[in-house]
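Respectively, the protein sequence lines represent chains V and L. First residue of the first sequence? That's 1 in our numbering, and the numbers climb one at a time after it. First residue of the second sequence? That's 1 in our numbering, and the numbers climb one at a time after it.
If you are wondering where the hints come from, they were derived from the structure by calculation, not from laboratory data. Fair warning: there could be bad hints in the mix.
As the list claims (entries may be wrong) - Just a few of them, taken from the derived set where beta-carbon distance is under 8 Å, the chain L residues facing chain V:
#1 Asp76
#2 Glu176
#3 Asn212
#4 Gly528
#5 Thr529
#6 Tyr828
Claimed, not checked - Coverage of chain L stretches by chain V, computed from C-beta distances (three or more under 8 Å per stretch; other residues unrestricted):
#7 243–252
#8 258–267
#9 531–539
To be verified - DSBU-like, lysine-lysine: derived pairs with alpha carbons at most 30 Å apart:
#10 V:Lys12 <-> L:Lys5
#11 V:Lys369 <-> L:Lys362
#12 V:Lys369 <-> L:Lys688
#13 V:Lys276 <-> L:Lys282
#14 L:Lys287 <-> V:Lys287
#15 V:Lys340 <-> L:Lys319
#16 V:Lys231 <-> L:Lys243
#17 V:Lys398 <-> L:Lys243
#18 L:Lys454 <-> L:Lys375
#19 L:Lys166 <-> V:Lys86
#20 V:Lys305 <-> V:Lys276
#21 V:Lys276 <-> L:Lys278
#22 V:Lys199 <-> L:Lys243
#23 L:Lys287 <-> V:Lys298
#24 L:Lys777 <-> L:Lys765
#25 L:Lys243 <-> V:Lys300
#26 L:Lys38 <-> V:Lys304
#27 L:Lys282 <-> V:Lys96
#28 L:Lys832 <-> V:Lys381
#29 L:Lys832 <-> L:Lys765
#30 L:Lys38 <-> V:Lys14
Since we're looking at a predicted model, the values are computed, not measured. Beta carbons: idealized from backbone N, C-alpha and C, even for Gly.
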Amino acid sequence: MSASAVFILDVKGKPLISRNYKGDVAMSEIEHFMPLLMQREEEGALAPLLSHGQVHFLWIKHSNLYLVATTLKNANASLVYSFLYKTVEVFSEYFKELEEESIRDNFVIVYELLDELMDFGFPQTTDSKILQEYITQQGNKLETGKSRVPPTVTNAVSWRSEGIKYKKNEVFIDVIESVNLLVNANGSVLLSEIVGTIKLKVFLSGMPELRLGLNDRVLFELTGLSGSKNKSVELEDVKFHQCVRLSRFDNDRTISFIPPDGDFELMSYRLSTQVKPLIWIESVIEKFSHSRVEIMVKAKGQFKKQSVANGVEISVPVPSDADSPRFKTSVGSAKYVPEKNVVIWSIKSFPGGKEYLMRAHFGLPSVEKEEVEGRPPIGVKFEIPYFTVSGIQVRYMKIIEKSGYQALPWVRYITQSGDYQLRTS
Amino acid sequence: MTVGKDVSALFPDVVNCMQTDNLELKKLVYLYLMNYAKSQPDMAIMAVNTFVKDCEDPNPLIRALAVRTMGCIRVDKITEYLCEPLRKCLKDEDPYVRKTAAVCVAKLHDINAQLVEDQGFLDTLKDLISDSNPMVVANAVAALSEIAESHPSSNLLDLNPQSINKLLTALNECTEWGQIFILDCLANYTPKDDREAQSICERVTPRLSHANSAVVLSAVKVLMKFMEMLSKDLDYYGTLLKKLAPPLVTLLSAEPELQYVALRNINLIVQKRPEILKHEMKVFFVKYNDPIYVKLEKLDIMIRLASQANIAQVLAELKEYATEVDVDFVRKAVRAIGRCAIKVEQSAERCVSTLLDLIQTKVNYVVQEAIVVIKDIFRKYPNKYESVIATLCENLDSLDEPEARAAMIWIVGEYAERIDNADELLESFLEGFHDESTQVQLQLLTAIVKLFLKKPTETQELVQQVLSLATQDSDNPDLRDRGYIYWRLLSTDPVAAKEVVLAEKPLISEETDLIEPTLLDELICYIGTLASVYHKPPSAFVEGGRGVVHKSLPPRTASSESTESPETAPAGAPSGEQPDVIPTQGDLLGDLLNLDLGPPVSGPPLATTSVQMGAVDLLGGGLDSLMGDEPEGIGGPNFVAPPAAAVPANLGASMGSGLSDLFDLTSGVGTLSGSYVVPKAVWLPAMKAKGLEISGTFTRQVGSISMDLQLTNKALQVMTDFAIQFNRNSFGLAPAAPLQVHAPLSPNQTVEISLPLNTVGSVMKMEPLNNLQVAVKNNIDVFYFSTLYPLHILFVEDGKMEAVSSRLQGSNIFTVAKRNVEAQDMLYQSLKLTNGIWVLAELRIQPGNPSFTVRLPAPALPALGCLLPCAGQPLLPSLLPRAGVSLMGALAQLGWGPSEPDVNEHQNSEPSFQLSPIRLPR
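Could you build all of it, start to finish, from the sequences and the hints given here?
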């Protein structure tokens with residue numbers, strides 16, 4: 001059904017640590033992995049799934065490590081990949097950074113975790129907060145009676161332990177919207193979507209029952225709230241953290257849940273309603289072979305005048321053999337980053353409705369190089385606080401706990417750039 | 001884990017540390033044991049005591065750890081000691097221990113299946129499905145699925161509406177991984193009707209909002225499969241289609257590897273149900289920083305979604321991609337433009353002009369790729385875009401890849417009459433004839449012959465030159481043969497040559513790059529798994545693929561319909577009737593290949609082909625009308641009526657299914673009923689035989705044995721030249737006449753043939769005894785499969801020992817005696833096989849009990865021992881239950897049966913037969 005063994009390899013393909021879950025694949029099979037990977041990469045046919053004889057390798061790369069699962073059977077590939085990513089997440093929570101060094105420093109704990117994460121190829125407990133309750137980095141003495149299985153592991157609520165206590169009960173809600181944009185070279189928008197996430201930071205005692213109210217159009221229609229006064233938003237695809245009762249949402253669009261403690265992502269949603277690109281870029285890149293490249297970039301803030309975009313970074317591609325950069329900007333500063341072959345124009349604060357200009361000039365060598373270069377797109381990064389493009393709002397957050405304490409919800413909105421690409425000609 | 005050093009020598013010392021109370025140390029010792037117990041099985045025993053002790057530790061963490069580790073020690077001696085602790089842990093009060101123990105059963109089963117069955121662990125595991133804790137349920141489901149997968153016939157997961165309900169309840173409560181186990185398990189269930197399918201779908205759809213992509217994909221699998229059962233007119237069907245699109249689109253924001261899996265699956269979904277994503281073209285547009293494997297998959301899906309409505313956008317994108325730098329991606333983009341032209345007719349012109357623009361870029365590989373696809377466009381739209389040939393010819397010199405050269409040569413040959421200097425162009429290619437690849441050589445030969453037939457006067461010399469190059473100077477047999485054929489054609493009958501060489505070619509269509517429907521349906525059942533990523537059935541890449549049950553989509557059943565109709569047989573049910581396809585193995589292959597598989601020689605057409613058409617008017621009267629005007633509802637839109645000449649005149653001979661109908665008639669009259677005929681089973685699935693599906697059965701009619709075959713062409717090309725051979729077998733069965741399929745078999749056509757058999761072939765004992773290995777050849781390939789024939793077809797008419805029971809007699813099973821012991825009817829039967837073996841059997845019937853017991857107690861039957869290994873094999877179920885049913889009928893008629901015999905009831909609740917064989921001395 002799933003993985004037969006899991007390996008963590010260093011960047012050269014040498015196994016650092018491995019765990020054989022089923023014993024049906026010889027552990028030496030992993031030796032074929034790296035040569036296979038290199039070979040496929042050379043052929044230009046690299047894929048996340050490789051096979052050697054009867055053995056299939058499913059792999060992901062994280063910093064300087066390869067995480068590889070092997071199987072002989074028709075395993076559930078999506079399960080294996082999401083398990084591998086989950087493993088990375090758990091290890092990162094334990095060791096801050098997951099890399100070769102942290103694996104080497106924590107062999108024992110890695111073995112313990114691998115033992116708990118998966119059994120006979122079936123993923124088991126992968127919630128790092130719960131794991132940290134009974135697999136700790138300090139050695140445990142049994143007689144203390146401390147290291148028992150927290151009942152949480154097998155509870156229906158497997159993500160929150162009982163008996164959590166805070167002096168001040170608070171919830172912080174972050175509504176973060178990322179704008180993905182793809183514009184082609186002649187300026188028409190190919191794809192524009194908003195991917196929103198609602199992140200919670202929960203400091204609540206006991207087992208609180210939470211209910212989140214959004215200005216969701218479907219909900220408004222269900223409850224008859226859809227008047228002209230109430231602006232509502234149509235969420236296209238909503239994904240929830242496992243704590244949310246999905247069947248309840250399916251029935252009456254109520255988002256009700258018992259939250260895990262601390263930080264977590266409650267939900268994500270997607271909207272493909274076309275919105276005006278928040279920062280619009282017009283560019284002219286003129287290349288005079290053997291002599292120079294001239295770049296003119298115009299950026300325009302197409303959002304409300306009261307709002308301000310912070311930390312705007314516009315990266316414009318330049319040929320890799322360009323030299324002697326010269327810039328002129330109406331605001332902010334430009335910098336040439338030769339290792340990425342881009343000019344980065346940064347503007348600390350960019351109010352809505354404003355328009356700025358940058359000019360750049362590069363020299364080109366007189367001898368042209370052989371290989372053709374790709375045409376990377378112009379990328380834009382920004383962050384606009386106190387604002388959501390979609391207009392989504394948190395209408396209420398109800399917090400009910402049997403002890404009856406008062407808790408305060410805090411909401412913060414932010415819109416930022418996601419995958420924001422404008423192709424150049 | 002020890003940097004490659006072997007530390008097994010420390011085994012005793014490490015085991016001594018086992019009884020530590022440091023949990024971390026204990027875990028490490030356990031880990032050590034897992035890794036080294038196999039190399040030191042004797043010493044591993046030393047650890048058993050501690051394990052057993054730990055399984056009773058007050059701390060559930062330790063209990064679980066011990067039972068988990070014991071399962072991982074794959075040493076036979078240890079497994080025996082594991083049973084008791086495991087049994088306790090399965091009933092442990094702590095759910096953490098129970099869930100670990102559930103997985104341990106699967107581990108133990110993997111090591112020693114028999115032990116697990118004997119100890120009754122499977123039943124305990126089944127009970128855990130009703131456990132109060134959702135984690136335990138999920139692990140029990142996972143363990144059972146795992147066991148069922150390796151033993152497809154075990155029928156472990158006999159899912160019924162009650163257990164499904166339990167699973168659906170647990171689905172709402174368990175972890176993300178548990179949800180995947182349960183969803184994957186649900187996907188194997190076949191609801192009894194559309195109402196049940198709908199209610200399951202309703203409860204599964206909330207899972208589409210789960211943050212874990214794997215949960216979403218598993219839910220999509222269940223929905224895609226059950227949707228098959230829903231009527232398209234249903235409102236719910238439309239709702240479901242709408243609900244599926246957004247989650248599939250969101251999967252594209254996952255990590256690249258998950259995106260890749262999702263895209264490969266979307267590719268299947270788009271082919272199966274294009275309506276789901278038809279408005280979502282834009283999300284498949286390629287981004288600059290997508291990994292190459294994601295880019296290529298997106299491209300593929302874009303073409304599948306291309307339609308008249310969005311073609312302009314798609315073409316603009318493809319053109320953009322074609323000017324990128326990544327060579328593989330660019331090539332595929334250019335190819336995609338050609339596929340769009342073929343798929344969306346209205347866009348063809350725009351595609352061609354886009355391709356011409358690309359040719360103007362003069363980028364070598366773009367030009368070559370463009371020429372290859374333009375050739376395909378010419379094939380699809382002949383005589384429409386020839387004006388571009390001039391532009392193509394300009395690039396003649398830059399072509400260096402064989403495929404592009406061959407395409408260009410084909411174009412020149414095909415349109416030779418419009419290209420003034422065609423002879424010069426082809427001549428220029430001819431100079432380096434021997435340095436070209438075979439593909440180019442063959443194409444050049446054909447092109448020049450075409451040119452000659454079109455402009456005979458000027459090209460005499462050229463054609464002679466190429467023919468001599470191909471026939472005299474070449475070592476390539478293909479090329480030589482083709483050269484000779486042309487030469488002879490041209491020299492004997494130029495008119496015929498013209499007809500052959502310049503014949504009109506069938507149009508190509510978009511279908512060529514679609515996955516074959518049968519395979520597609522199977523892959524839909526494997527959404528999310530490796531099979532769906534490879535686009536291959538699991539049997540193609542999993543070792544021991546013969547054990548894998550083919551999954552197929554459930555047929556649509558309305559709740560009003562009778563649930564007893566044979567079509568509703570559960571798809572995932574263990575298939576006793578499913579034949580093993582013989583793997584291509586050395587010795588067997590040699591054996592079969594020694595046989596002559598040539599085309600059938602002369603002889604009276606004993607077997608007659610007929611197009612399958614429900615109830616055929618047997619006596620031929622209606623046949624002309626059937627052949628004349630195409631009857632509606634037969635064969636679907638792809639039905640191609642074979643030329644009338646192909647229908648043989650003598651219909652007096654046997655005619656597939658009609659024959660048995662005839663005999664059924666006689667049985668109604670009630671004199672001597674025909675022997676029982678097993679319903680046709682699929683022997684060779686289309687997937688294994690490049691689209692040829694063979695199903696069949698064996699019959700015995702008045703002393704002659706025949707094999708009734710039904711051949712179905714599920715491929716996209718016509719099949720001809722059928723021939724059949726049997727491997728040597730236990731009773732010397734061999735075809736008595738060649739397999740005669742008169743008309744070529746067009747796609748989607750089915751033909752029924754009755755092949756007479758005799759028993760004079762060479763004999764070789766098979767395992768099991770009634771195994772028959774068959775090779776079937778057609779114009780595509782040779783295919784092998786094996787099947788089990790019911791023994792009763794070999795029962796000869798003179799096997800009678802004493803006259804009784806007419807019904808059994810029909811199958812040549814004869815009753816010797818009957819007696820009544822302890823309110824049970826005992827029947828003693830006799831039968832005789834073609835090779836003279838006598839079989840005696842005792843049949844025990846209890847009134848009111850639908851199960852019969854068959855014993856084979858007769859002593860001193862020399863060859864009977866070899867019958868026994870078949871126990872439990874499909875032989876007996878296929879022979880006996882039916883015989884039993886007909887026996888019941890017979891008994892009822894004679895007034896012997898249970899007080900109120902109800903034959904129908906017995907047919908519903910398949911009587912189970914227990915065979916208690918006694919091993920006889922040989």
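Status of each hint after checking the structure:
Because the closest C-beta pair between aspartate 76 of chain L and chain V is about 14 Å apart, greater than 8 Å, the hint is violated. This hint holds: glutamate 176 of chain L has a C-beta 5 Å from the nearest C-beta of chain V, less than the 8 Å allowed. At its closest, the beta carbon of asparagine 212 of chain L sits 6 Å from a beta carbon of chain V; the interface hint therefore holds under the 8 Å criterion. Hint status for glycine 528 of chain L relative to chain V: holds, with the closest Cβ pair at about 5 Å, below 8 Å.
A cut of 8 Å between beta carbons decides the hint on threonine 529 of chain L: the least distance to chain V is about 5 Å, and the hint holds. Proximity of tyrosine 828 of chain L to chain V is violated relative to the hint, the smallest CB-CB distance being about 48 Å (cut-off 8 Å). Restraint check on the segment 243–252 of chain L versus chain V: 4 residues with Cβ-Cβ distances below 8 Å, three needed, restraint holds. Coverage of the segment 258–267 of chain L by chain V holds. Counting CB-CB distances below 8 Å, 4 residues qualify, and the rule asks for three or more.
Figure legend: the segment 531–539 of chain L, annotated as covered by chain V; annotation consistent (5 residues with Cβ-Cβ distances under 8 Å, at least 3 required). Distance hint between lysine 12 of chain V and lysine 5 of chain L is fulfilled; the C-alpha atoms sit about 20 Å from each other, no more than 30 Å. A hinted pair counts as satisfied when its Cα atoms are at most 30 Å apart, and lysine 369 of chain V with lysine 362 of chain L qualifies at roughly 18 Å. With a C-alpha separation of about 52 Å, the suggested pairing of lysine 369 of chain V with lysine 688 of chain L is violated against the 30 Å cut-off.
Between the alpha carbons of lysine 276 of chain V and lysine 282 of chain L the distance comes to roughly 17 Å, so the proposed pair stays at or under 30 Å and holds. Of the pairs offered as hints, the one joining lysine 287 of chain L and lysine 287 of chain V holds, with about 24 Å between alpha carbons and a cut-off of 30 Å not exceeded. As the CA atoms of lysine 340 of chain V and lysine 319 of chain L are separated by approximately 26 Å, the hinted pair is consistent with the 30 Å bound. The hinted pair formed by lysine 231 of chain V and lysine 243 of chain L meets the criterion: a straight-line CA distance of about 24 Å does not exceed 30 Å.
Simply put, lysine 398 of chain V and lysine 243 of chain L have alpha-carbon atoms about 29 Å apart, close enough for the 30 Å limit, and the pair holds. Distance hint between lysine 454 of chain L and lysine 375 of chain L is fulfilled; the C-alpha atoms sit about 20 Å from each other, no more than 30 Å. As the CA atoms of lysine 166 of chain L and lysine 86 of chain V are separated by approximately 28 Å, the hinted pair is consistent with the 30 Å bound. The hinted pair formed by lysine 305 of chain V and lysine 276 of chain V meets the criterion: a straight-line CA distance of about 14 Å does not exceed 30 Å.
Our distance criterion of 30 Å between C-alpha atoms is met by lysine 276 of chain V and lysine 278 of chain L, whose separation comes to about 25 Å. This hinted pair checks out: lysine 199 of chain V and lysine 243 of chain L have alpha carbons roughly 25 Å apart, not beyond 30 Å. Using a Cα cut-off of 30 Å, the hinted pair lysine 287 of chain L and lysine 298 of chain V holds, with the two alpha carbons roughly 23 Å apart. The straight-line distance between the Cα atoms of lysine 777 of chain L and lysine 765 of chain L is roughly 24 Å, inside the 30 Å bound, and the hint therefore holds.
At roughly 38 Å between alpha-carbon atoms, lysine 243 of chain L and lysine 300 of chain V are farther apart than 30 Å, so this suggested pair is violated. For the hint linking lysine 38 of chain L to lysine 304 of chain V, the alpha-carbon distance of about 70 Å lies beyond 30 Å, and the restraint is violated. Taking the CA atoms of lysine 282 of chain L and lysine 96 of chain V, the gap is near 38 Å; set against the 30 Å cutoff, the hint is violated. Taking the CA atoms of lysine 832 of chain L and lysine 381 of chain V, the gap is near 87 Å; set against the 30 Å cutoff, the hint is violated.
Taken as a hint, the lysine 832 of chain L and lysine 765 of chain L pair is honoured in the structure, with Cα atoms around 18 Å apart against an allowance of 30 Å. For the proposed pair lysine 38 of chain L and lysine 14 of chain V, the alpha carbon gap of about 24 Å is at most 30 Å, so the pair holds.
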